[in-house]
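Protein chains in written order, with the numbering used here: chain A, 1 to 292; chain B, 1 to 251.
These are computed hints drawn from the structure, not numbers from a lab. Beta carbons are placed, not taken as given, at the ideal position from N, Cα and C, and that holds for glycine. Treat the hints with care, since some could be wrong.
Beta-carbon label-pair distances, calculated as ranges [stated by the list, open to error]:
{"id": "1", "chain 1": "A", "residue 1": "E76", "chain 2": "B", "residue 2": "T221", "range": "26 to 34 angstroms"}
{"id": "2", "chain 1": "A", "residue 1": "D258", "chain 2": "B", "residue 2": "K244", "range": "46 to 54 angstroms"}
{"id": "3", "chain 1": "B", "residue 1": "K244", "chain 2": "A", "residue 2": "K208", "range": "28 to 36 angstroms"}
{"id": "4", "chain 1": "B", "residue 1": "K14", "chain 2": "A", "residue 2": "Q40", "range": "53 to 61 angstroms"}
{"id": "5", "chain 1": "B", "residue 1": "L172", "chain 2": "A", "residue 2": "G162", "range": "36 to 44 angstroms"}
{"id": "6", "chain 1": "A", "residue 1": "D120", "chain 2": "B", "residue 2": "L174", "range": "23 to 31 angstroms"}
{"id": "7", "chain 1": "A", "residue 1": "E109", "chain 2": "B", "residue 2": "L172", "range": "44 to 52 angstroms"}
{"id": "8", "chain 1": "A", "residue 1": "G19", "chain 2": "B", "residue 2": "L174", "range": "32 to 40 angstroms"}
{"id": "9", "chain 1": "B", "residue 1": "I25", "chain 2": "A", "residue 2": "Q180", "range": "55 to 63 angstroms"}
{"id": "10", "chain 1": "A", "residue 1": "K129", "chain 2": "B", "residue 2": "V22", "range": "22 to 30 angstroms"}
{"id": "11", "chain 1": "B", "residue 1": "A226", "chain 2": "A", "residue 2": "K57", "range": "27 to 35 angstroms"}
{"id": "12", "chain 1": "A", "residue 1": "K57", "chain 2": "B", "residue 2": "K190", "range": "50 to 58 angstroms"}
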Amino acid sequence: MNDYENAIEIKELTKRYDGFTLDKVSFSVPKGSIMGFIGQNGAGKTTTINALLNIVKKDEGEIRLLGLDSEKDEYEAKKQIAAVFDELPFDDRLNAIAIDKILREIYEEWSTDTFFGYLDRFALPRKKKFGKFSKGMKMKLQIAAALSHNAKLLIMDEATTGLDPVVRNEILDIFLEYLQNEENTILMSSHITSDLDKIADCVTFIDKGRVLVSGFKDDILDSHGILKCTKDDYKDIAAEDIVSARLNDFGAEIMVSDKASCSRKYSGAVIDPATLEDIMIFYVNRDKKEWR
Amino acid sequence: MKGLIYRELYLIRKTTVITLLVYFIFVAMMSLVCISTYAGNLKGETGVIEIFYPQAYFYAACIALVGMGYGHNDIIQKDYQSRWQLFSYTLPISDRKLIASKFIVRGILLLAGLVLALLAEVIISAAAKMPVSADHIKNILIIGAVMTVGFSEIPLMLRFKNQNKGAAVTLLALAPFMAAFVYFAWKFTKFCMSEAVRLYGEATDETMAKVFAPYCDKARTICFIAAPFFVVGVVALFYVWSLKEYRRRRY
Chain A
1 MNDYENAIEI KELTKRYDGF TLDKVSFSVP KGSIMGFIGQ NGAGKTTTIN ALLNIVKKDE
61 GEIRLLGLDS EKDEYEAKKQ IAAVFDELPF DDRLNAIAID KILREIYEEW STDTFFGYLD
121 RFALPRKKKF GKFSKGMKMK LQIAAALSHN AKLLIMDEAT TGLDPVVRNE ILDIFLEYLQ
181 NEENTILMSS HITSDLDKIA DCVTFIDKGR VLVSGFKDDI LDSHGILKCT KDDYKDIAAE
241 DIVSARLNDF GAEIMVSDKA SCSRKYSGAV IDPATLEDIM IFYVNRDKKE WR
Chain B
1 MKGLIYRELY LIRKTTVITL LVYFIFVAMM SLVCISTYAG NLKGETGVIE IFYPQAYFYA
61 ACIALVGMGY GHNDIIQKDY QSRWQLFSYT LPISDRKLIA SKFIVRGILL LAGLVLALLA
121 EVIISAAAKM PVSADHIKNI LIIGAVMTVG FSEIPLMLRF KNQNKGAAVT LLALAPFMAA
181 FVYFAWKFTK FCMSEAVRLY GEATDETMAK VFAPYCDKAR TICFIAAPFF VVGVVALFYV
241 WSLKEYRRRR Y
């Protein structure tokens, strides 16, 4: 058994496409944690995840999964990894019994009991064809399959997108349960930041192919804040303190990345806590600096 | 790999059942025609066996061999649609094994088709009270060898993602060969006619057949000897091509 501190380590990952470059992306996901990987559509989340899974061939950089090289030890690593996509990757003509027969021959550590245990828990039928499943049922089935081969790392690409809040909550609970085992880790890409607010330990924010913020969620939320001030006061705020500012008819809301220092510097100003969604929106508009 | 093979066989089970149904109905009807020449309403009719027997096995073989492989033709297209193709890259299986599983399924279907075709020959021969024909068996095996060209569906579908494009490109590639074949058939017919006139004084169906038969036998013998090499070459070529396409799809 290989020993590792970080379930995922990405260093200087680069992938060039015509019109888009994943530019020297680096971050790591500590073992036993859940990392939220956020960014707007087209930011590079899926490309990064595909590079992790070796679906995409990287141009440069290094990726280690569970302490193993993602290319040299690809199959050893993939035995311990489960991938969950935004859509069920199983043919509509299959049913749960058939999937069990297929996957138990593919994964050495596949557990039929665990799989059917999850199906019963999610109240999913065994003989019904997947074509007749709802979106929520399909996602639950995919998660049941992902959690039934003793995977140490769960990689999810927009897995909760398009699901109603009840199903999303149910799924988030399952993830928290999965993380009770400290050997298990989750990387979860999403643009639904409220989900990550609830369960993520760490967050990496990517935009236009570059990582802007990466670290523990609480540290990120503690350090960022929204400074609210009048238009006149806005002129006194130093440019280096501003990530970007949303202007309105009455004043300005300014995202600051060092809340403690700003509250000392601008003692009269009100600095509200920022949510992940706020951080994402203000960082996306950082090039404009001022926006409405 | 067993899981992958099971998955593909499971997905084509309905087409396979329909093919079996068509095959058995056809073989049963052909057998009944043969039986009725000595125990039914065709008793006393001349030339029925002579017309039916040499053709029945051929059609039965075509139904079995084409039908068994047909269900597999769109499986990769559906894998792209269901995103299994993407998911397959996340499985702890090497590219070689993954592609090999598709060829094994194709091989199983081809073998099953051959068994059915040979069975049809046995059944129809028994019904016609004729000995099993070695020539027919050779022909069936040659048809089976030619059917390995159908393995091209795997790399073509991996490349073009849907059947329409794959079929169009295949036809485009085959067009010069088809034209060459038509030209060859015309030249050969002309040759047989002139030979029939030279040897037998006139070019009738019978004299033409007499000229044609030795060439046909020789061609069959050559094809029969070449068939194993052809099969191995075609499968190896398509396997390497499929592997290349599968890897290329990793963007």
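The hints, checked one at a time:
| no. | hint | result |
| --- | --- | --- |
| 1 | A:E76 x B:T221: 26 to 34 angstroms | 52 angstroms, violated |
| 2 | A:D258 x B:K244: 46 to 54 angstroms | 52 angstroms, holds |
| 3 | B:K244 x A:K208: 28 to 36 angstroms | 33 angstroms, holds |
| 4 | B:K14 x A:Q40: 53 to 61 angstroms | 43 angstroms, violated |
| 5 | B:L172 x A:G162: 36 to 44 angstroms | 40 angstroms, holds |
| 6 | A:D120 x B:L174: 23 to 31 angstroms | 53 angstroms, violated |
| 7 | A:E109 x B:L172: 44 to 52 angstroms | 47 angstroms, holds |
| 8 | A:G19 x B:L174: 32 to 40 angstroms | 37 angstroms, holds |
| 9 | B:I25 x A:Q180: 55 to 63 angstroms | 59 angstroms, holds |
| 10 | A:K129 x B:V22: 22 to 30 angstroms | 25 angstroms, holds |
| 11 | B:A226 x A:K57: 27 to 35 angstroms | 40 angstroms, violated |
| 12 | A:K57 x B:K190: 50 to 58 angstroms | 56 angstroms, holds |
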